[in-house]
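Going down the list, the protein sequences come from chains P, Z and G. Reading the first sequence from the start, the letters are residues 268 to 489 in my numbering. Reading the second sequence from the start, the letters are residues 6 to 59 in my numbering. Reading the third sequence from the start, the letters are residues 131 to 369 in my numbering.
Worth flagging that the hints you see were computed from the coordinates, not collected in a lab. Just so you know, nobody snuck in bad clues.
Residues on chain Z that point at chain G, a partial pick, calculated with CB under 7 Å: (1) M17; (2) G18; (3) A27; (4) V30; (5) E38; (6) V42; (7) R45; (8) A46; (9) A49.
Source: prediction; values computed, not measured. Even glycine gets a Cβ: it sits at the ideal position worked out from N, Cα and C.
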Amino acid sequence: MSAMWLAITRRDLLLARRRRVEALLPLGFFVLAAGLFPIGVSPEPQMLRQIAPGVVWVCALLAAMLSVTQMFSSDHLDGSLEQMLLAPQSLVALVAGKVLAHWLSSGLPLVLVSPLIGLMFDMDARSIGAMTASLLLGTPILSLLGAVGAALTLGLRSGAALVFLVVLPLTVPALIFGTGAVGAVAAGLSPQAHLSLLGALLIVSGLAAPLATAAALRISLE
Amino acid sequence: MNWTSWGAFFHMGGYGLYVWGAYGVTAFVLALEIVAVRRRAARARADLQHGVAE
Amino acid sequence: MKWTTYAAPSRFYALAGRLTPWCWAAAALFGLAGLWTGFAIAPTDFQQGDAYRIIFIHVPAAWMSMVIYLAMAFWAAWGWMLNARMASMYARALAPTGALFTFVALWTGAFWGKPTWGTWWVWDARLTSEFILLMLYLGYIALTEAIDDPRRSANAGALLALVGAVNIPVIYFSVKWWNTLHQGSTISVGAAPKMVATMLTAMLLMTLSFWAYSFAVAFTRARAVVLEQESEAEWVRGL
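Kindly generate the complete structure, drawing on both the sequences and the hints.
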C-alpha cells in the first residue's frame with residue numbers, strides 16, 4: 268500500500284513538472300495578491316505588520332483553493348481516474364498520495380516564499396518564523412480539505428467557484444490558529460499553543476479527509 | 006399593558022427603528038419564503054399536468 | 131403500522147399534505163401568543179429598554195438554524211447510507227429554510243447590537259459562528275443545485291452536510307477562543323437581560339411557532355421536490 272502511495276505521488280509530481288507554469292500559477296497568485304494589500308490599504312509599516320499574518324494566510328487559502336481542482340481534473344478528463352477507482356489498491360491511499368503531491372507542488376512553495384512576503388510587510392524575524400511554521404502546518408490542511416471539495420465538485424461546470432464556497436468555511440479554524448500563532452509572538456507570548464492546535468487539526472484532517480475524499484470520488488463517479 | 010398608545014408602541018422607547026427593522030425584515034423574509042414555496046409546489050403540479058419532460 | 135412506511139414518497143406526500151395545514155395553524159397560534167406575551171406582558175428591560183424585545187425572534191431563529199442543520203445532515207446521511215430517496219429529498223427541502231433562519235438570526239443580531247453596543251456588526255463568537263453556518267448552508271445548496279443527477283446530488287450533499295456537521299463544534303471552539311483573545315475590542319452581543327419568566331415564555335412560544343412554521347414550509351417544499359423527482363412514477367401520474 269505504501270508503494271502505491273508513493274508511486275502516485277511521484278507520478279503526480281512528474282506531471283506537475285511537465286506543466287511547470289501551470290503548477291506555479293498559485294504561487295504567482297499568492298505573491299501578487301499579498302502584494303496588492305500594501306497598495307490598496309496602506310504602505311505604512313506599522314499597519315502592514317498588523318495585517319500581515321491575516322493577509323498572508325487568506326492569500327494562501329485562496330491560492331490553495333485555486334489549484335485544488337487540478338488534483339483530479341486531468342485524470343478525470345482522460346479516464347484514468349475511473350481506472351483508479353476500479354483498481355484493487357486502496358482508494359484512500361491513492362487519494363493520500365495525490366494530496367501529498369498537491370501539497371509538495373502547490374503548498375510547499377508558498378511556505379518557502381512566505382518569509383519574503385514577511386519582509387515585504389516589515390515583519391520581525393520571530394514573527395516571520397511563527398508565520399512560516401504556521402503555514403508549514405496549515406498548507407497541508409488546506410490541501411486535505413481542498414481535496415474533499417475537489418472530489419465533490421468533480422466535472423461540474425461551476426467547479427472552481429463552488430470549491431471555494433464549499434471548502435472555505437471549513438478552513439476557518441486553521442486560519443484562526445495560524446494567524447493566532449503570529450499574533451501571539453507579536454504580543455510577546457509563545458506560539459506553541461496555536462501551533463499545537465494547528466498540528467492537531469493536521470493530524471485529524473490527515474486521517475479523516477482522505478476517507479471523505481475517497482467517498483466523494485465514489486459518489487461523483489458512480 | 007406596556008404602552009399607553011399605538012404611538013408609544015411604534016416608538017418602542019426610542020428603539021423603534023431597530024425593533025421594527027428586525028421584526029419587519031423577518032416577517033418580510035418569511036412571507037417571501039411562503040410565497041416562493043407555494044409557487045414551487047404549484048409549478049410542480051402544473052408541470053405534471055402538462056407532461057413536462059425532464 | 132411501521133413508520134418506515136413513509137419512506138415511500140407516495141405515502142410521505144399524502145401524510146405531509148394532511149399535516150401541513152395543522153402546522154400552519156400551530157405556527158400562527160404560537161406566533162400570536164408569543165408576540166402578545168413578548169410585547170404586551172413582558173416588562174421593559176432596565177438596561178436595554180425596549181430594544182431587547184428583538185430577542186424574541188433572534189434566539190428562536192438561531193436555535194432553528196442549528197436544529198435544522200442537524201436535521202438536514204441527519205436525513206441526508208440516512209438517505210445516503212440506506213439508499214432512501216425520500217430522506218434525501220426531505221433533507222434538500224430543509225436547507226433553504228435553515229439558511230433563511232440563519233440569515234434572520236444574523237440580521238436581528240445586528241439590529242440588536244446597534245442600539246445596545248453601538249455597531250451594526252460585532253465579531254463575537256456566536257455571530258461569527260452563525261455567519262459561517264450560513265456559508266455552510268449556502269455551500270450545501272450550491273452543491274446540490276449544481277449537480278443534475280438526483281442521486282449524485284443527494285449523496286454529495288449528504289457527505290458535505292456530514293463534514294459540515296462534524297466541523298461545527300471545531301469551528302465554534304476556534305471562533306470562541308479567537309474571540310476571547312480579542313476580548314478588549316469586542317463584546318458579546320446578545321448578552322441577554324436578566325430573564326423574567328414572561329420573557330422566557332415569549333421566547334419559548336416563538337420557538338414553537340418557528341418550529342411549526344419550519345415543518346409547514348419543509349413539508350410543502352418536500353412535496354414539490356417529490357413531484358419534481360418522482361414524475362415518472364405511476365402514483366404521481368394518477369394525481
